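Quick one: dock chain against chain with the hints and give me the complex.
For the protein sequence lines, the chains are A and B, in the order given.
Count the first sequence with the numbering used here and you get residues 5 to 305, in order.
Count the second sequence with the numbering used here and you get residues 51 to 234, in order.
Calculated directly from the structure, the hints in this document are not laboratory data.
Please read all numbers here as calculations on a predicted model, not as lab measurements.
In this text, a Cβ means the ideal position worked out from N, Cα and C, and glycines have one as well.
Please note: incorrect hints may appear among the correct ones.
What the hints assert, rightly or not - Using 25 Å as the maximum straight-line C-alpha spacing, the simulated SDA-like pairs for lysine to any residue come out as follows:
(1) A:K67 / B:A83
(2) A:K88 / A:K67
(3) A:K67 / B:M90
(4) A:K67 / B:V103
(5) A:K232 / B:A100
(6) A:K67 / B:V102
(7) A:K67 / A:G216
(8) A:K231 / A:R259
(9) A:K67 / B:L87
(10) A:K67 / B:V96
(11) A:K67 / B:P72
(12) A:K121 / A:R132
(13) A:K67 / A:N158
(14) A:K67 / A:H273
(15) A:K67 / B:A91
(16) A:K67 / B:F133
(17) A:K67 / A:K232
(18) A:K232 / B:V201
(19) A:K67 / B:M86
(20) A:K67 / A:Y275
(21) A:K231 / A:P257
(22) A:K232 / A:D204
(23) A:K121 / A:P246
(24) A:K67 / B:A100
(25) A:K231 / A:P198
(26) B:K232 / B:P72
Claimed, not checked - Some residues of chain A that are not near chain B, with every Cβ distance over 10 Å (derived):
(27) G90
(28) D194
(29) Q280
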Amino acid sequence: MARPTDRRPGYSRRAQYGIFTGYVIAILGVVAGIVVLTVSLINPDAFSFARSAAAEVARPMGKASAESRATGQGVFAAIGAYFKAGQQNAELRREVDAARANAVSMQALEDENRRLKALLGIVDPVRRPVASAHLIGSSGASTRRYAVLDVGANDGVRPGQPVRAASGLIGRVIEAGPRTARVLLVTDPDNVVPVRRASDGLSAFVQGASDGRIDIRLINMGTNPVKKGDVFVTSGSGGLYPPGIPVAVATAPNRDGATGHLAADPADHVYVVVEQAFSAQARDDLQRMIEDGAKTAVEEP
Amino acid sequence: MIFEKLTASPEDLVRKRINRAPLPALATGLPWATIMLASMASFSPVIASAPVVPPLAYLMLLAWRMMRPGMLPVWAGLPLGLFDDLYSGQPFGSGIVLWSVTMLVLEVVDERFLWRGFSQDWLAASGLIAAYLGICALVAGLATGYPLPLVIGPQILLSLVIYPVVTRVVALLDRIRLLPLKRL
Numbered sequence: 005m006a007r008p009t010d011r012r013p014g015y016s017r018r019a020q021y022g023i024f025t026g027y028v029i030a031i032l033g034v035v036a037g038i039v040v041l042t043v044s045l046i047n048p049d050a051f052s053f054a055r056s057a058a059a060e061v062a063r064p065m066g067k068a069s070a071e072s073r074a075t076g077q078g079v080f081a082a083i084g085a086y087f088k089a090g091q092q093n094a095e096l097r098r099e100v101d102a103a104r105a106n107a108v109s110m111q112a113l114e115d116e117n118r119r120l121k122a123l124l125g126i127v128d129p130v131r132r133p134v135a136s137a138h139l140i141g142s143s144g145a146s147t148r149r150y151a152v153l154d155v156g157a158n159d160g161v162r163p164g165q166p167v168r169a170a171s172g173l174i175g176r177v178i179e180a181g182p183r184t185a186r187v188l189l190v191t192d193p194d195n196v197v198p199v200r201r202a203s204d205g206l207s208a209f210v211q212g213a214s215d216g217r218i219d220i221r222l223i224n225m226g227t228n229p230v231k232k233g234d235v236f237v238t239s240g241s242g243g244l245y246p247p248g249i250p251v252a253v254a255t256a257p258n259r260d261g262a263t264g265h266l267a268a269d270p271a272d273h274v275y276v277v278v279e280q281a282f283s284a285q286a287r288d289d290l291q292r293m294i295e296d297g298a299k300t301a302v303e304e305p
Numbered sequence: 051m052i053f054e055k056l057t058a059s060p061e062d063l064v065r066k067r068i069n070r071a072p073l074p075a076l077a078t079g080l081p082w083a084t085i086m087l088a089s090m091a092s093f094s095p096v097i098a099s100a101p102v103v104p105p106l107a108y109l110m111l112l113a114w115r116m117m118r119p120g121m122l123p124v125w126a127g128l129p130l131g132l133f134d135d136l137y138s139g140q141p142f143g144s145g146i147v148l149w150s151v152t153m154l155v156l157e158v159v160d161e162r163f164l165w166r167g168f169s170q171d172w173l174a175a176s177g178l179i180a181a182y183l184g185i186c187a188l189v190a191g192l193a194t195g196y197p198l199p200l201v202i203g204p205q206i207l208l209s210l211v212i213y214p215v216v217t218r219v220v221a222l223l224d225r226i227r228l229l230p231l232k233r234l
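With the rest of the complex left out, here is chain B (with noise of 0.2 Å):
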């Protein structure tokens, strides 16, 4: 029944589209909303003794950022790095920095590779991921001084592997955002 509703088109969701428009705090304040969420997953039933968990707020900003360039402002990974940061429990401003970078990363790949499909876009974000969770380790490995083994080496296979479900997601909650609710 939810799962129905979920999947229908907004035509169906949402009776009376004349005359109406998407909110505008649901439609700017989702895509920030729905990250800090998932930087607070860690307060999750999940309490794991070895780093598993995929940085799901890392990949809902990849997914934001990808599905609407643009949306996001250059600036939001100072904001939202500093929130991840708070919860993440890497050295405080690591988050900062690499979210910061990422989103100017991105805004290179957009400018070098015009026109991207899926799979251009799940490469580009596999390098960043990768890059983003080996970074941490060593920052991390930095704060604690012991050598860090190799043990992020599954989280990353899951990370990448994981990506197009938040991709699914975040295109849902896309269409949440969307919705003709506010009447003009």
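Just chain A, with the same shape it has in the complex (with noise of 0.2 Å):
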């Protein structure tokens, strides 16, 4: 392949300045790119509201895609279970008759423990979802790991609130324009969530390894308790994550802690819920408790 001949436009003034101009528009891109840049780096929600207005652009691209997903989801998903319908069947009728006993020693422990805690006069926060929405994109090139939801501040989409999906947690919302949220998944380095393990309480803290992997860090050092197959909730603390979502399943236990896989991958889900978040809700019920309280404490005198 030859290189093109025009770039010695001979003595054509006007096709010289032309190429001139190019090149320093060009190099003057690099510096303004820079600056940008270092802008972003300190304070990186400087260019929100122009990530926002791309997402609102693109934002019908991404629903009508994400329900293709759903429906091809659906149908790779009813042509599996032809293939597998015997043995599943087999194996459903053995959990459903296991899931039966376990249901009725649920039940009495769920009796069990609202007796209790009305015997401590616990009251339990109702926990209303914000918004439930697609997942339409996510930032499948870089190893910052976002996805953008199809609502925004017009149904309520703050930043900060938690987002969930049925099997467990995906993000929390960073940015919300008025029909388009950015989440910032549970796998990005930034994502920080506090945990313990469903089984005893060890607390510790899952970080993003931003390759679909998480990191589980110990807070306690020394010797490493966890083991394969063991499953993390959030626990609350910090108070953005309401306590008790399945978040991370350590599958390699290494020196202070273990490398994990997420509990709810966003592949899998067509739909998640976005959740107020937790601190406000514990601010308002406490809130409701102590109007209660004064109210209760008026009428017994």
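Below you can see the structure in the form of structure tokens.
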């Protein structure tokens, strides 16, 4: 392939100036880019308006693709189900028998729990979700892990609210446009989630490794009691994430914790739920309880 | 049927060629439009939890630039990189810098290596892609303040392998670009 001949335009002043201006703009682009990059490294939210405007523009496209994804997954799941129907039937029968027995004992435990809580005077806060949403996009090529939701500030979504799927935590909202919101996924290195082991409450925190897996780090160093298959759920400390949402399953214990995989892979979930930030909820409940307490105190004498 | 149409030569696709010229909007606008569309590929059905998708828009830019030198102006990295930043999730500005630098580097490559075949082009693209992804990961690591593990290895390999495919797609688009649709 020969090089193009239009690089040396001869004596045409206009063409010479054109080429010169092109280079000037290109170099200015580099300089401007460095400035913009520095600004956005110092203040990551500086250009969020541009990003959310862009996401608004791409929203219909992402929405259409999210719906096609849902249909596609449904079709593949249906086809797969036919192949495994017999074996699955037997397995499910066994599981249902086991679950039925479990359900009875669960019922008893729940009753007991309710009774004990009533005895102690604990009021369980009712967590009402803010919105349910599709995941319509993600930063597939970048080592930062973001996803985009198709709900935004118009639906009551605010930065800081946790996002979860049926099987576990997805991330938290960091930017909310009018009808889209950007979610920092749990796998992003910037996202640190306080967790505890579901079985015994061993506290740790989870940090994304940006390769789809996550690091589980124990708060108490020393001997490492984490075993393969341990499930970690949010502990609720820090007040952002409500307690009890599954986050990670440990796969490979190491010196100061473990690497794990996500309890809820965003790729598997068509719908996610945006919830209230836990601390605000807690504050509201506290407020209500104080008011109730004041009311009863007034009524009592 | 459609495939046959796509692989047909322009002569077969458009019956009348005398007195016809390519549409100016298509001829100059298609590279820009396709690169920008590739930037928006993050709004695709694939919700990735790891960086595995190759940077399609960047590959597209390289392919267009290598196939038609001089068609995209030297400063094209500025607007296209800005647009890519809106969707890529990288810290804002990294696209502007890296894409502008890429255009300048390709200019130097054009000056230094006058006669190149596809393998040399691929080699140059490989170097640029590896550097691009490496610096992107470095900048993202700076933004998070977390030492970044070697998660981009598979992504780099995939990008290098997929580059010839992207070139073929761009070649196809180039045919569409030059379809004689305008009546003179």
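Taking the hints in turn, this is what the structure says about them:
At roughly 21 Å between alpha-carbon atoms, K67 (chain A) and A83 (chain B) fall within 25 Å of each other, so this suggested pair holds. Between K88 (chain A) and K67 (chain A) the alpha-carbon distance is near 32 Å, which puts this suggested pair outside the 25 Å criterion. Distance check on the hinted pair: K67 (chain A) and M90 (chain B) sit about 13 Å apart at the alpha-carbon level, within 25 Å; holds. With a CA separation close to 20 Å, the supplied pair K67 (chain A) and V103 (chain B) stays within the 25 Å bound.
Between K232 (chain A) and A100 (chain B) the alpha-carbon distance is near 22 Å, which keeps this suggested pair within the 25 Å criterion. A hinted pair counts as satisfied when its Cα atoms are at most 25 Å apart, and K67 (chain A) with V102 (chain B) qualifies at roughly 22 Å. Proximity of K67 (chain A) to G216 (chain A) is assessed by CA-CA distance (about 23 Å); at most 25 Å being required, the pair is judged to hold. For the proposed pair K231 (chain A) and R259 (chain A), the alpha carbon gap of about 12 Å is at most 25 Å, so the pair holds.
A threshold of 25 Å between alpha carbons decides the hint, and for K67 (chain A) with L87 (chain B) the separation of about 16 Å falls inside it, so the pair holds. Restraint check for K67 (chain A) and V96 (chain B): the C-alpha separation of about 12 Å stays at or below 25 Å, so the hint holds. Our distance criterion of 25 Å between C-alpha atoms is broken by K67 (chain A) and P72 (chain B), whose separation comes to about 34 Å. A C-alpha spacing of about 21 Å is found between K121 (chain A) and R132 (chain A), which places the hinted pair at or below 25 Å, so the restraint holds.
At most 25 Å may separate the alpha-carbon atoms for a hinted pair to count; K67 (chain A) and N158 (chain A) meet this at roughly 17 Å. For the hint pairing K67 (chain A) with H273 (chain A), the CA-to-CA distance comes to about 14 Å; that is within 25 Å, so the pair holds. A hinted pair counts as satisfied when its Cα atoms are at most 25 Å apart, and K67 (chain A) with A91 (chain B) qualifies at roughly 13 Å. Distance check on the hinted pair: K67 (chain A) and F133 (chain B) sit about 20 Å apart at the alpha-carbon level, within 25 Å; holds.
Using a Cα cut-off of 25 Å, the hinted pair K67 (chain A) and K232 (chain A) is violated, with the two alpha carbons roughly 38 Å apart. The hinted pair formed by K232 (chain A) and V201 (chain B) meets the criterion: a straight-line CA distance of about 23 Å does not exceed 25 Å. For the suggested pair K67 (chain A) and M86 (chain B), the alpha carbons sit about 19 Å apart, so the restraint of at most 25 Å is met. The straight-line distance between the Cα atoms of K67 (chain A) and Y275 (chain A) is roughly 12 Å, inside the 25 Å bound, and the hint therefore holds.
The suggested pairing of K231 (chain A) with P257 (chain A) holds, with an alpha-carbon distance near 6 Å, which does not exceed 25 Å. Between K232 (chain A) and D204 (chain A) the CA atoms are separated by roughly 15 Å; this keeps the pair inside 25 Å, and the hint holds. Under the criterion of a C-alpha separation no larger than 25 Å, the hint pairing K121 (chain A) with P246 (chain A) is consistent with the structure, at around 19 Å. Between K67 (chain A) and A100 (chain B), the direct Cα distance comes to roughly 21 Å. Compliance with the 25 Å bound is thereby established for this hinted pair.
For the suggested pair K231 (chain A) and P198 (chain A), the alpha carbons sit about 18 Å apart, so the restraint of at most 25 Å is met. A C-alpha spacing of about 6 Å is found between K232 (chain B) and P72 (chain B), which places the hinted pair at or below 25 Å, so the restraint holds. Annotated as non-interface, G90 (chain A) keeps its C-beta farther than 10 Å from every C-beta of chain B; the closest such distance is 31 Å. With a closest Cβ-Cβ approach of about 4 Å to chain B, D194 (chain A) is found to fall inside the 10 Å limit, against its non-interface label.
Residue-level check passed: Q280 (chain A) sits 24 Å from the nearest beta carbon of chain B, beyond 10 Å.
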